[in-house]
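Novice: Protein chains in written order, with our numbering: chain A, 1 to 205; chain B, 1 to 330.
Simulated from the structure, these hints should not be mistaken for laboratory data.
Computed from a predicted model, the values in this text were never measured in an experiment.
Note that CB positions come from ideal geometry on N, CA and C, so glycine has one too.
Check each hint, because a few of them may be wrong.
Subject to a maximum C-alpha distance of 25 Å in a straight line, what follows is the list of computed SDA-like cross-link-like pairs (lysine to any residue) [claimed, not checked]:
#	chain 1	residue 1	chain 2	residue 2
1	B	Lys274	A	Leu58
2	A	Lys151	B	Met151
3	A	Lys151	B	Ile327
Here are a few chain B residues that sit away from chain A, every Cβ distance over 10 Å (derived from the structure) [claimed, not checked]:
#	residue
4	Leu65
5	Arg72
6	Glu116
7	Trp118
8	Asp127
9	Tyr148
10	Ala150
11	Phe197
12	Ala250
13	Lys270
14	Arg325
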Amino acid sequence: MSEKMYLYPAWTRLWHAINAILCLALIVTGFSMLYSNPDRFVVNFSSAVAIHNVAGVLLTINYFVFFVGNMFTSNGKHYKLALKGLGQRLFLQMRYYALGYFKGQESPYPVTTEQKFNPLQQVSYVGVMYGIMFVLFVTGWGLLFPEFILKKLLGFSGIFLTAQLHVIMGFLIFVFLFVHLYVSTMGVTVASNFKSIVNGWQEKH
Amino acid sequence: MRSYLLIVIVSLCSALSGVAMSFSLETTPDSAAVRGINNSTYAHDNVQNCLRCHGELYYTIEDTLSGSIKRRLMSDHLRISTDEFYGSVHWNFSCLDCHSEGYAAFPHALDLRFEEAWGCIDCHGYDEKFAKFNFESIEQEFQKSVHYTAMDGAFTCWECHNPHSYKVQARESLTSENFIVESNKMCLSCHGSPEKFGLYSDKKLGAVMTKHDWLPNQTLHLQAVRCIECHTMQSDDVMVAHFVTPKDDAVKNCVDCHSQNSILVGSLYKFQSKEARSKYGVLNGVILSNDSYVIGANRNLFISYAGIAAVVLTLLGIAIHSIFRIIIKR
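Whenever a hint applies, use it, and build me the whole structure from the sequences.
Specialist: Following this line, the structure appears as structure tokens:
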């Protein structure tokens, strides 16, 4: 029996579960809105629009929980990015994933209660949660209340630019989802990280 | 429909000119009755007095000394349709609410013709009741328009919007086609009429169709598009753009409208979204049923392909990594 540490308190697990469900709903309906004909492509168009909007509103509320939670609990420390030496840390982690992992080497940044993300995870999570998600919320709400969108920017229609930015960020989240799921299989066992985000306990390598 | 006849002698006129006027009146009171007007009200009586002449094709004048009666044609631009007036948004106003009290006397004094007419902003500006129309921005746009600047302010709201027959077309028109026709009628009332155009300009008025020779599917465009779509600077602040631009600045590039990245598409999206929100609220009008979002409206081929390529490359990277994991059994 390997040693375990309590890594994910209840509120982060609940937030994560809601986040996952809503993001999946947004990705599926987002694709339906972008590529659909009037009555096909996974979800029909009008339902896709309604589900996408409702899920977007709920995700905003859930994001607020995350934001406030990180401000007032110790979970916030995992999202504080130390820029000094970041390049070197990222390089070491990438080299581990590309080579060291296959050679059976120890992770250069093992998971601890003080540092539950390795440098690559930290950069990507900070980028997703405070960058991509933020832009998605701003552009998404902008499209619901279009009078706040600039009429024209650099010769482009403001609505067009906002919509394209929303789509690009959506694609980035979609790519992140695959990488996130795959990296999650690289725990002690393929399933161990998935179990830990459900019960809160992480197995040590 | 029953009509009735009235003869009114205005004694005041004989005192002034030695000629007494009599007015023959044939009106249909039904339009007034439909609006629920009490015939005894001051406003209605006042309007009826004016419409005895201004609501008719002809009026008569009588010299009470000689008994001579002359029948005269009421000038088109001074004639007001009774039905149109009572069907307009200003139907419950008295004429003298907007026109000088001096008009109560006949013949009307010459200096009254130089009376400055009130503009829309004078009544509708800075009033919460009309806030959604944003008359303040309309006024600002209008004052930048070529109509206003080319005529040093002599061009007023009334040149396009007849206050005696004005209706809120966007809300009351049954079809968008009617709405387009009504909107374009305003422009064509001058730009399709050399006589009226001559009131404002010494230039020779060219035929509208000839001027738009360059336009592909000309008839279709002129039936389906309002003049102001191409001849105004679009703004998000007002429902209908009023910044009419000089003709050289008019939209002439097809892609300005026929592309996803068009100001027209943006304006329509914003307009529909705001309308739906004001009618049905945020939840029902925007979140649960956002009709302003059009299928494929945000689809950009380059971004679609780039996005799919990013996903495919990610999956490829994951597949390669997975294969190595399987081979090395980790």
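Novice: So, against the hints stated earlier in the document, which numbers end up violated here?
Specialist: 2, 3, 13 and 14
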